[in-house]
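Chains as they are written, first to last, in our numbering: chain G, 1 to 231; chain S, 1001 to 1231; chain H, 2001 to 2239.
In case anyone wonders, no lab produced these hints; they're calculated from the structure. The structure presented is a predicted model; accordingly, all values stated were derived computationally and were not measured. Mixed in with the good hints there might be a few duds.
[Stated by the list, open to error] These stretches of chain S come out as covered by chain H in the derived footprint (C-beta under 8 Å, 3 or more residues): (1) 1063-1073; (2) 1093-1099; (3) 1126-1138; (4) 1169-1179.
[What the hints assert, rightly or not] Using C-beta positions, here's what the derived DEER-type ranges look like: (5) G:ASP166 with S:LEU1066: 38 to 44 Å; (6) S:GLU1011 with H:LYS2106: 37 to 43 Å; (7) G:SER200 with S:GLY1185: 35 to 41 Å; (8) S:ASN1194 with G:THR117: 47 to 53 Å; (9) H:TYR2113 with G:ARG170: 34 to 40 Å; (10) G:LEU189 with S:VAL1088: 32 to 38 Å; (11) G:LEU189 with H:ASP2029: 34 to 40 Å; (12) G:LYS214 with H:LYS2106: 24 to 30 Å; (13) H:VAL2092 with G:THR117: 54 to 60 Å; (14) H:LYS2106 with S:GLY1185: 31 to 37 Å; (15) G:GLU216 with H:VAL2092: 19 to 25 Å; (16) G:THR117 with H:ASP2037: 15 to 21 Å.
[Stated by the list, open to error] Residues from chain H that face chain S, not an exhaustive set, calculated with beta carbons under 7 Å: (17) LEU2058; (18) ALA2062; (19) ILE2123; (20) GLY2147; (21) PHE2151; (22) LEU2153; (23) LYS2192; (24) CYS2194; (25) GLY2196; (26) TYR2219.
Note that the Cβ used here is the ideal one computed from N, Cα and C, for glycine as well.
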Amino acid sequence: MLNIFFELDREIQKRIIEVIIFASEEPIPLQKLSEIILKNRSNNKLDNFSEQTDRPESNNLNQHILHLINEIRDELEQTQRPYTIVEVGGGFTFATTPEFGKVLSLLPTFKNKKRLTKAMLETLAIIAYQQPITKPEIEEIRGTNSSEIVNSLLEKNLIQIVGRKDSPGRPFLFGTTNEFLKLFGLNSLDELPNLNEIKSFVNEKNRAEEITLKIEFEQENKIDGEQNATE
Amino acid sequence: MLNIFFELDREIQKRIIEVIIFASEEPIPLQKLSEIILKNRSNNKLDNFSEQTDRPESNNLNQHILHLINEIRDELEQTQRPYTIVEVGGGFTFATTPEFGKVLSLLPTFKNKKRLTKAMLETLAIIAYQQPITKPEIEEIRGTNSSEIVNSLLEKNLIQIVGRKDSPGRPFLFGTTNEFLKLFGLNSLDELPNLNEIKSFVNEKNRAEEITLKIEFEQENKIDGEQNATE
Amino acid sequence: MFKIILPIFEGPLDLLLYFIKRDEINIYDIPIARITDEFLNYIRLMQSLDIEPASEFLVMAATLMEIKAKMLLPKEKNLQAEKEQDPRQQLVDRLIEYQIFKEASKAIEEKLYENQNIYFRGIFESDIQEIASKLKTFKPANVVDLGKAYFNLIHKKEDEVKEIKLNQLKIEDGIEYITSVMKTEKQVSFSKICSGYSLPYKILFFVAILELIKQKKIYAYQSEFQSEIIFFSTSNLLN
Chain G
1 MLNIFFELDR
11 EIQKRIIEVI
21 IFASEEPIPL
31 QKLSEIILKN
41 RSNNKLDNFS
51 EQTDRPESNN
61 LNQHILHLIN
71 EIRDELEQTQ
81 RPYTIVEVGG
91 GFTFATTPEF
101 GKVLSLLPTF
111 KNKKRLTKAM
121 LETLAIIAYQ
131 QPITKPEIEE
141 IRGTNSSEIV
151 NSLLEKNLIQ
161 IVGRKDSPGR
171 PFLFGTTNEF
181 LKLFGLNSLD
191 ELPNLNEIKS
201 FVNEKNRAEE
211 ITLKIEFEQE
221 NKIDGEQNAT
231 E
Chain S
1001 MLNIFFELDR
1011 EIQKRIIEVI
1021 IFASEEPIPL
1031 QKLSEIILKN
1041 RSNNKLDNFS
1051 EQTDRPESNN
1061 LNQHILHLIN
1071 EIRDELEQTQ
1081 RPYTIVEVGG
1091 GFTFATTPEF
1101 GKVLSLLPTF
1111 KNKKRLTKAM
1121 LETLAIIAYQ
1131 QPITKPEIEE
1141 IRGTNSSEIV
1151 NSLLEKNLIQ
1161 IVGRKDSPGR
1171 PFLFGTTNEF
1181 LKLFGLNSLD
1191 ELPNLNEIKS
1201 FVNEKNRAEE
1211 ITLKIEFEQE
1221 NKIDGEQNAT
1231 E
Chain H
2001 MFKIILPIFE
2011 GPLDLLLYFI
2021 KRDEINIYDI
2031 PIARITDEFL
2041 NYIRLMQSLD
2051 IEPASEFLVM
2061 AATLMEIKAK
2071 MLLPKEKNLQ
2081 AEKEQDPRQQ
2091 LVDRLIEYQI
2101 FKEASKAIEE
2111 KLYENQNIYF
2121 RGIFESDIQE
2131 IASKLKTFKP
2141 ANVVDLGKAY
2151 FNLIHKKEDE
2161 VKEIKLNQLK
2171 IEDGIEYITS
2181 VMKTEKQVSF
2191 SKICSGYSLP
2201 YKILFFVAIL
2211 ELIKQKKIYA
2221 YQSEFQSEII
2231 FFSTSNLLN
């Protein structure tokens, strides 16, 4: 398809890229867009793309598609569409502009869509950082039965079963979905808040508390001591 | 919202209608669009809209929204977007234009993800767990005629005929296919969740919430925290 | 009027962290006796409200008491063990790990909040095709859905016998039936009343008979142990 594609009018090229992104239910990675344009056979997993994608043409194609996407974005903005193309969940997809998303979030029909309970967020955080992880492992960390929560996260399509663990009982392994990335506005799991930073934050907080408490304790003792002395 | 809406610039009115249609998860009926605009409470099923919607203003609003939608369609066409707003299933939704829809059909990526109705899922579940199984046996469990469903599962290549049963009429025996295993991400039928595993997903009640509800009604108790004494 | 709302505890670890925060306890040096008392009080409170604490609360209570006991061991005996590990260490590690993920959940919630004004396209071509073909309930299915569908089917079958059929029957109907039978028969056996009726009706008639006996409208008589029970109408007896 590559040759045909480049022979097309640039406007038509843009429309083809736009319609592919528009119709794709999952955010579509740049690489996949290239493959579709290049060989029209991306669905065939048996094909080995590495040869083609290493070729300079492929990088050029990626660049070219990126240019086209940016031009489409400009068009969408200039014609005041309330949506644009964003990069999230590892690919390109259509989403509302923040301005009109804000309007939607004021409407009751859309308002509650993104609400998650504390328990769901907690469980989701554990799965996001520790994936792939089994339910017993989640429960070990949370210290409580989590079937219900895991179940509702599955139903919300925020997590998925990614396999079974090679341990007694062969429990399911859970991981997060693209839907999770989309909901949290992440392009990949690398964009999750850094867990090491969170760890040191928690430890510092605990240490600080320890120190404050020690000082208070010592002061109290001192006062007690003085009182005793005066008596 | 009605008054505010009409005070808005016509362009903004269009953008609001457009973004609602864009983000709705079902084709959105004209009446529902009106309700959202009119009272901003369409989600509240207890409200009785009949009074308002019978009023001439409401019809006017419907007409007005229709005009806006048609103007949006014109804009989309004039700016050569490869998609437009269509009316389907009693509501409005975005869809690719027939012209560019054709482009998509050439691309292997856009085969539908396999989706199942509840009846199909049920029937598939019976076949998966009890295979090989005949249609009468499936119907015995489901308590309803299942010919159509079995046929569509055959069409989707999720089940196959694996033989005939040695019983009067020699009915066909059905079993699942490799396609089925692929769809559900299984390596083999052994990996189907066993009923105990499933039980943990369906039977649990959300204890935490139950507990809070009950405790909220108690007037006094020993444990009082930081955020407790409200009103 | 004061209404006391307890924070929602996601489990025993959550509850312990709550005590630690509320009482400004040093997590590295938890006063185990005090916190065990607090914990047990909470469990008693739940029980006094007729809430059966989840088993994990009871497990934690046992753990706390075990640690408390270890801490009470005489110092000399405990000296060696103390060098190896503080009996509280494992619990503290778990609490801190849980703290970390609670903090992480706040961090990702922040992301959710930042992203709250972005909505994605709601419907796709394949959905439209499905809507057009009037099969509205299509949804992507995973393997748990499949298992659940099967599980629910199996259980629906059992429930049908236990509930649905019985729900259609009313005790009044049973009483009316028995009364009408007793009008024509001076005495009647239970098996005769029930002959030709299915199990749910047999249960209904049995309950109706108990009710009529209670109301003293019929008498039950058994000639000997394990023989048929015969019912008499009281009005017939009087006549």
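Range hint 35 to 41 Å (beta carbons of G:SER200 and S:GLY1185) holds or violated: 37 Å, holds
Would the hint on H:LYS2192 be counted as holding, given a Cβ-Cβ threshold of 7 Å to chain S? 33 Å, violated
For the range 31 to 37 Å, tell me whether the beta carbons of H:LYS2106 and S:GLY1185 fit it or not. 32 Å, holds
Is the shortest C-beta separation between H:PHE2151 and chain S less than 7 Å? 5 Å, holds
Proximity test - 8 Å, beta-carbon atoms, the region 1169-1179 of chain S to chain H, at least three hits: violated (count 0)
Confirm or reject the claim that G:ASP166 and S:LEU1066 have a C-beta distance inside 38 to 44 Å. 60 Å, violated
8 Å C-beta test of the region 1126-1138 of chain S against chain H, three or more residues: Answer holds; 3 residues pass the 8 Å Cβ test.
Evaluation of the interface hint that places H:TYR2219 against chain S, nearest CB under 7 Å: Since the shortest Cβ distance to chain S is 43 Å, the answer is violated.
When you take the CB atoms of H:TYR2113 and G:ARG170, is the distance between them in 34 to 40 Å? About 38 Å separates the Cβ atoms of H:TYR2113 and G:ARG170, which means 34 to 40 Å holds.
Given the range 15 to 21 Å, decide if the beta-carbon distance of G:THR117 to H:ASP2037 lies inside it. 30 Å Cβ-Cβ, so the 15 to 21 Å window is violated.
Closest C-beta approach of H:LEU2058 to chain S relative to 7 Å, hint status: 13 Å, violated
C-beta pair S:ASN1194, G:THR117: status relative to the range 47 to 53 Å that was hinted: 29 Å Cβ-Cβ, so the 47 to 53 Å window is violated.
Violated hints, listed in ascending order, are 1, 4, 5, 8, 13, 16, 17, 18, 23, 24, 25 and 26; each of the other numbered hints is respected by the structure.
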